[in-house]
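As given, the protein sequences belong to chains A and B, one line each in that order. By the working numbering, the letter at position 66 of the first sequence is numbered 66, and the numbering carries on one by one without gaps. By the working numbering, the letter at position 1 of the second sequence is numbered 1001, and the numbering carries on one by one without gaps.
Please note: incorrect hints may appear among the correct ones.
Unchecked claim - Below, in silico cross-link-like pairs of lysine to any residue (SDA-like), each with a Cα-Cα straight-line distance of 20 Å or less:
#1 B:Lys1071 - B:Lys1106
#2 B:Lys1042 - A:Ala2
#3 B:Lys1042 - A:Phe60
#4 B:Lys1042 - A:Gly42
#5 B:Lys1106 - B:Ile1020
#6 A:Lys57 - A:Thr101
#7 B:Lys1106 - A:Phe60
#8 B:Lys1042 - A:Lys57
#9 A:Lys57 - B:Lys1068
#10 B:Lys1058 - B:Lys1068
#11 B:Lys1042 - A:Leu113
#12 B:Lys1005 - A:Gly40
#13 B:Lys1106 - B:Phe1066
#14 B:Lys1106 - A:Pro106
#15 B:Lys1106 - B:Lys1058
#16 B:Lys1058 - B:Gln1037
#17 B:Lys1005 - B:Ile1050
#18 B:Lys1071 - B:Ile1048
#19 B:Lys1113 - B:Ile1020
#20 B:Lys1106 - A:Pro39
#21 B:Lys1042 - A:Ile12
No lab work stands behind these hints: they were computed from the structure.
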Amino acid sequence: KAGVTQTPRYLIKTRGQQVTLSCSPISGHRSVSWYQQTPGQGLQFLFEYFSETQRNKGNFPGRFSGRQFSNSRSEMNVSTLELGDSALYLCASSSTTSTDTQYFGPGTRLTVL
Amino acid sequence: QQQVKQSPQSLIVQKGGISIINCAYENTAFDYFPWYQQFPGKGPALLIAIRPDVSEKKEGRFTISFNKSAKQFSLHIMDSQPGDSATYFCAARDGGGSQGNLIFGKGTKLSVKP
Chain A
1 KAGVTQTPRY
11 LIKTRGQQVT
21 LSCSPISGHR
31 SVSWYQQTPG
41 QGLQFLFEYF
51 SETQRNKGNF
61 PGRFSGRQFS
71 NSRSEMNVST
81 LELGDSALYL
91 CASSSTTSTD
101 TQYFGPGTRL
111 TVL
Chain B
1001 QQQVKQSPQS
1011 LIVQKGGISI
1021 INCAYENTAF
1031 DYFPWYQQFP
1041 GKGPALLIAI
1051 RPDVSEKKEG
1061 RFTISFNKSA
1071 KQFSLHIMDS
1081 QPGDSATYFC
1091 AARDGGGSQG
1101 NLIFGKGTKL
1111 SVKP
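Let's have the full structure, built from the sequences with the hints guiding it.
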């Protein structure tokens, strides 16, 4: 099976802009979780989607949002970008919600100037 | 508030040696403890995982030791190799309610010297 794919891999934006990141889970997986990874804060959970519904949400401002489509592909959106949003955004998929094994994609490196 | 504390931040081990990384947690609702390995430019990859009803799990050169009463768990890498040089993250999942997300430790950067 193909792994989790994320596009784009690298992105440069300026403050105030918005960005949309995409994640395609492993075939057959219905749960997609998003994480933010920074050197200072480490890996932090953003939100989880299962069957097009947001099941869990981390402690991030409302500027961070996401959605999931009927084919389980997911997008996350960050509006009004701030310098502190520069991070590696990781997507992980699993077969069911709250399940054991999460498989991570390579991430999207977002740089905000 | 950090719920999973990982140590050390960095570790240098000679080839063939044993690498030991420790994690501690407070939330007794955690019911699943995976370890992830991450190479530069890559996403984390699941290495090995354990549930609290088991005290030890071994897969090849990798062993998790789990102490439920102390709320601690550790990763042992036997016969460490230069190819093991990576950042290792412990994590825990809150099995209570609908919260299934993973909570990660801050990571340990392992360097294995040839």
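Each hint tested on the structure:
1. B:Lys1071 - B:Lys1106: Holds, at about 17 Å.
2. B:Lys1042 - A:Ala2: Holds, at roughly 15 Å.
3. B:Lys1042 - A:Phe60: 24 Å, violated
4. B:Lys1042 - A:Gly42: 15 Å, holds
5. B:Lys1106 - B:Ile1020: Roughly 15 Å separates the two Cα atoms, so the pair holds.
6. A:Lys57 - A:Thr101: Answer holds: lysine 57 of chain A to threonine 101 of chain A is near 19 Å, not above 20 Å.
7. B:Lys1106 - A:Phe60: Given that 20 Å is the threshold and the Cα spacing comes to 18 Å, the pair holds.
8. B:Lys1042 - A:Lys57: With Cα atoms ~24 Å apart, lysine 1042 of chain B and lysine 57 of chain A exceed 20 Å; violated.
9. A:Lys57 - B:Lys1068: Judged against 20 Å, a Cα distance of about 28 Å means the pair is violated.
10. B:Lys1058 - B:Lys1068: 17 Å, holds
11. B:Lys1042 - A:Leu113: Given pair lysine 1042 of chain B, leucine 113 of chain A is violated - Cα atoms ~23 Å apart, limit 20 Å.
12. B:Lys1005 - A:Gly40: 14 Å, holds
13. B:Lys1106 - B:Phe1066: Roughly 19 Å between the alpha carbons, so the hint for lysine 1106 of chain B and phenylalanine 1066 of chain B holds.
14. B:Lys1106 - A:Pro106: Holds, at about 19 Å.
15. B:Lys1106 - B:Lys1058: With Cα atoms ~23 Å apart, lysine 1106 of chain B and lysine 1058 of chain B exceed 20 Å; violated.
16. B:Lys1058 - B:Gln1037: Holds - the C-alpha atoms of glutamine 1037 of chain B and lysine 1058 of chain B are around 16 Å apart, at most 20 Å.
17. B:Lys1005 - B:Ile1050: 17 Å, holds
18. B:Lys1071 - B:Ile1048: Given pair lysine 1071 of chain B, isoleucine 1048 of chain B holds - Cα atoms ~18 Å apart, limit 20 Å.
19. B:Lys1113 - B:Ile1020: 15 Å, holds
20. B:Lys1106 - A:Pro39: The given pair, whose Cα atoms are some 9 Å apart, holds under the 20 Å limit.
21. B:Lys1042 - A:Ile12: Given that 20 Å is the threshold and the Cα spacing comes to 19 Å, the pair holds.
When the structure is compared with the earlier hints, violations turn up for hints 3, 8, 9, 11, 15 and for no others.
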